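Dock chain to chain to rebuild the complex, using the hints, since each chain is given by itself in its own frame.
Sequence order for the protein chains is A and B. Numbering-wise, my numbering puts 28 at position 28 of the first sequence, and it's gapless, one number per residue. Numbering-wise, my numbering puts 69 at position 69 of the second sequence, and it's gapless, one number per residue.
Please keep in mind that the hints were generated in silico from the structure rather than gathered at the bench. All values reported here derive from a predicted model rather than from experimental measurement.
Computed cross-link-like contacts, DSS-like style, restricted to lysine-lysine with a CA-CA straight-line distance of at most 25 Å:
1) K48(A) - K19(A)
2) K49(B) - K373(A)
3) K78(A) - K75(B)
4) K19(A) - K57(A)
5) K78(A) - K229(A)
6) K78(A) - K48(A)
7) K75(B) - K229(A)
8) K384(A) - K250(A)
9) K384(A) - K49(B)
10) K250(A) - K471(A)
11) K384(A) - K373(A)
12) K19(B) - K98(B)
Below are the chains, spelled out letter by letter.
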Amino acid sequence: MMSPEISLNVLQNALRSGKISPSEVVEYYAARMDELNPRLNALLSYDKEAALAAAAKADVNLPLGGLPVAIKDNICRKGITTSCASRMLENFHSPYDATAVEKLLAAGAIPFGRANMDEFAMGSSGENSAYGSTQNPADPQHVPGGSSSGSAAAVAAGLIPAALGSDTGGSVRQPASHCGVVGFKPTYGRISRYGLVAFASSLDQIGTLTHCVEDAALLLGILCGHDEKDSTSSSEPVPDFMSGLHDGIKGMRIGLPREYTGGGNAESVSSALRDAVQALQNAGAEICEISLPHAETAVASYYIIACAEASSNLARYDGIRYGHRSDAALDPDALFSLSRAEGFGEEVKRRIILGTYVLSGGYYDAYYARAQKARALVAQDFAKAFTELGVQLILGPVAPTPAPKLHAEDITPLQTYLADIYTVPANLAGLPAISVPTPQNGLPVGVQLLAPHFEEARLLRAAVSLEQSWK
Amino acid sequence: MLVTMQNPSPDIDVAYIAKLAKIELTDEEKSRFTRDLGQILDYVQQLEKWDTQSVDPMYHPIPVFDALRPDVPGKSLPINAVLCNAPQQEDDQFRVPKVVESAH
Numbered sequence: 001m002m003s004p005e006i007s008l009n010v011l012q013n014a015l016r017s018g019k020i021s022p023s024e025v026v027e028y029y030a031a032r033m034d035e036l037n038p039r040l041n042a043l044l045s046y047d048k049e050a051a052l053a054a055a056a057k058a059d060v061n062l063p064l065g066g067l068p069v070a071i072k073d074n075i076c077r078k079g080i081t082t083s084c085a086s087r088m089l090e091n092f093h094s095p096y097d098a099t100a101v102e103k104l105l106a107a108g109a110i111p112f113g114r115a116n117m118d119e120f121a122m123g124s125s126g127e128n129s130a131y132g133s134t135q136n137p138a139d140p141q142h143v144p145g146g147s148s149s150g151s152a153a154a155v156a157a158g159l160i161p162a163a164l165g166s167d168t169g170g171s172v173r174q175p176a177s178h179c180g181v182v183g184f185k186p187t188y189g190r191i192s193r194y195g196l197v198a199f200a201s202s203l204d205q206i207g208t209l210t211h212c213v214e215d216a217a218l219l220l221g222i223l224c225g226h227d228e229k230d231s232t233s234s235s236e237p238v239p240d241f242m243s244g245l246h247d248g249i250k251g252m253r254i255g256l257p258r259e260y261t262g263g264g265n266a267e268s269v270s271s272a273l274r275d276a277v278q279a280l281q282n283a284g285a286e287i288c289e290i291s292l293p294h295a296e297t298a299v300a301s302y303y304i305i306a307c308a309e310a311s312s313n314l315a316r317y318d319g320i321r322y323g324h325r326s327d328a329a330l331d332p333d334a335l336f337s338l339s340r341a342e343g344f345g346e347e348v349k350r351r352i353i354l355g356t357y358v359l360s361g362g363y364y365d366a367y368y369a370r371a372q373k374a375r376a377l378v379a380q381d382f383a384k385a386f387t388e389l390g391v392q393l394i395l396g397p398v399a400p401t402p403a404p405k406l407h408a409e410d411i412t413p414l415q416t417y418l419a420d421i422y423t424v425p426a427n428l429a430g431l432p433a434i435s436v437p438t439p440q441n442g443l444p445v446g447v448q449l450l451a452p453h454f455e456e457a458r459l460l461r462a463a464v465s466l467e468q469s470w471k
Numbered sequence: 001m002l003v004t005m006q007n008p009s010p011d012i013d014v015a016y017i018a019k020l021a022k023i024e025l026t027d028e029e030k031s032r033f034t035r036d037l038g039q040i041l042d043y044v045q046q047l048e049k050w051d052t053q054s055v056d057p058m059y060h061p062i063p064v065f066d067a068l069r070p071d072v073p074g075k076s077l078p079i080n081a082v083l084c085n086a087p088q089q090e091d092d093q094f095r096v097p098k099v100v101e102s103a104h
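Isolated chain B, as found in the complex (with noise of 0.2 Å):
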């Protein structure tokens, strides 16, 4: 049986994926991507081939249920070995660009 994918479409528009991503892309590096993504689009598509509607989406290769751990406190790494690799750093704390505007 043959089921149709809702909205396929290879015409990736990579500028606005790039933006999403949070990488500035060149032109270059657009047009490149566009063709090479298209491709893999395209190939992708032969998915569509196969009856997957009553199939469970299998999102683990071995079932891992509530894997979770007793609460206890642990030690953490200490504030110089968090920040050892912070490219800018001020005061025990991570230097970032501004993030707010000023009033006017």
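So that you can see chain A by itself, here it is in the shape it has in the complex (with noise of 0.2 Å):
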């Protein structure tokens, strides 16, 4: 009855019936593992007996009874290495568990495999781990995308049937996109950041990694709610997610903006999008183009935020309480140059750069006081188009391709960054996001979905009418 795409909702049944134990799921994704893992390189570790031992007491009645998901390297797990894939974590065990992972505990579920990513969550292809590079199982020549390369990779390849990640500027959608799975990303402050490792705090988002939208809507339902531990967590009430789920779209007016469909996508990006647009026409919602004006801005204004905010948050990393220390420093000073020399890799050191420039003397006014000001004008035009334009739903490309190739060596930093453009603005204005693959022949290709602040629900409906309506 296992299969490698078998969702959770199947799964909760069939454990529920006594169809199978968990012991035998924990089993059948432990033998996946074995075989795949060696050459995906999706995940970091696995602890096979810790998750039977966790087998042997599940209580399927949980919500989450019995169900294995993987975790992030970013998202701290009691006792657990959280490493960031990278050398400064190395050797970091979390004196905690996150309140995501705390609340899946609660639940039911047994943590199971510590996900690949890029080195403290900064990158879109996998390949800034210090650990190696994950393949994309779609096609080994290709990257799985990023940050929560891992996850995607991990879930798409069947080692796991559904994982967290995290998203700062597409880290979920973007690998969920070119590994083929369903990427979600809910509103900014749903669920707790506490224990996530912080890269940037104004835009960083626990996120999710399944076959289907259901099983999104079903973990979601787990992991949001107001956490005392996150001042900046939501105390927005938690509806049912998975009520309502299957009503249709009827009527719902859904807008295209018309800087999301222009010539800078591959064709197979344009194409998948014409088909969401069929699909959601048919299953009864109206269309409309839409302009979101400033657009354009929002790499400028998210790369400077986000490393801004990263040589903030990346400054705890000193060599002295955690992390690497180095052994060649004689005096403070050099231990901590040294340390972050030796512990942290290339992008890394690039951003915490960048981050620092624009915020040092002089410049903070020309660079990040106009990022913020032209973060501003980016959620601005996502408001008038929910209240004055009138749409429920924002409907766009996550990338302008498919998955490039591995080790590909002649991309600048710059045009990577530039990849960006149809993600980030969700992060720059906190609205939840989700892409849904969509049927290929070659690389998997997904379509974003957008909604206002805390219309999840929403935005989980239209989902699952695309998915259905590919079935």
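Dropping the structure here:
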């Protein structure tokens, strides 16, 4: 009865009806990890014995009872290495659980596998991991996307039925699109960030990677809610995301920004978008062209803000309290500089330098303050679309191209950043957004839906409609 | 309306910034980052195009004001949990290189 694409919902029914036991589920995925992970490198580690011990005690009547979930390696699990795929945290054992992990455990889930990622979530290919890049399960010559590279690849390859990721500028949605799974980033603040290693605190959000939209709804219901340990977590009421999921989208108005359908997209991305328009119309939605006039400022604004926040957040890695410490340092200043030089990889250093620069004396107003104003313009575009233009959701691509080739050397960092054009706006504005796979013969391509703040139920309902139309 | 950026400087002094960021860079890294960051800063100059004088900066995606919790004493992590990740420790304290020069 097991298959690599089995959903959490189907698995849960099988567990509850006694068709399969939690231990058999763990054995199934452990065998797939043993077979496929040496090639894919999607998981940095997985502890079969611990998972079996949890399975032996699992209560399948709990909301996620007996369901295994992989965790991105920047989300803390007590007593387990949380390396962020960095040499800096190679030996860091978290002294506590992230709130998201605590909630998974309380719901009966079995954390199984630490997912590979771009170091400190900085990257969009998975190649910035200090522990080797991850292969795209759809084609080993291609990257899985990033930064939640391992989470997306592990779910796509059926090493695990679901995974947690984090999304600061598209790090859940873009690898989901490249690997052919569902990637969901809720509204900023929906899920507590306590225990998520900080990259850019005003943008970071935990998200999920699953085989289907229904599984994303199931996990969201467990993960969200206010947490006193994260003052930015939202107190907004948490609806039942599962109810109404299949009510359809008849009469829903969905905006298609003309800035997102320009000539810069690969043909498979453009055709995926056309297919999505057709599918949504067939389901009874009305598609209307809209404009997001400040869309082109998003990447510039995002990289200034994200790097500025990162340079501040990553100042904590000093070689003293935790993390890598250089053996070569004789005085405190050298201890900082050498420990950080040895512990951080190239992209992390590049972003810290950029962030330090834009925050430094004389440049703060020209770059950082201006970027925060551009951010307001991006957010206002969305607010206008959702109010004055009267659209209930926005449709767009996830990335301009399918997954690029592994180890492409002629791409500059700026070119890599520019490919984030369609995903960073949701983070700048704090909106919920989801990547849904489209039918493809070649490399996977997802399409993206965005909703107003806290309208995840509407977003998921439309995503289910899309998914159903392609079944 | 075109608003000109004050002192735009695509020529970033990477060695100086690395000092501020407390990261020792190799010469090779310095030249690579000078090139990369120059390109990135050139690109972000496009923000100049937009008149943002009347726009309030947006520091946070959701309005959060005075998110304070009640000031109730809680439990802290035990000392061994805090120190278990320290690269060097002694007598329940973090060990660091000598900070104060000895007097002559």
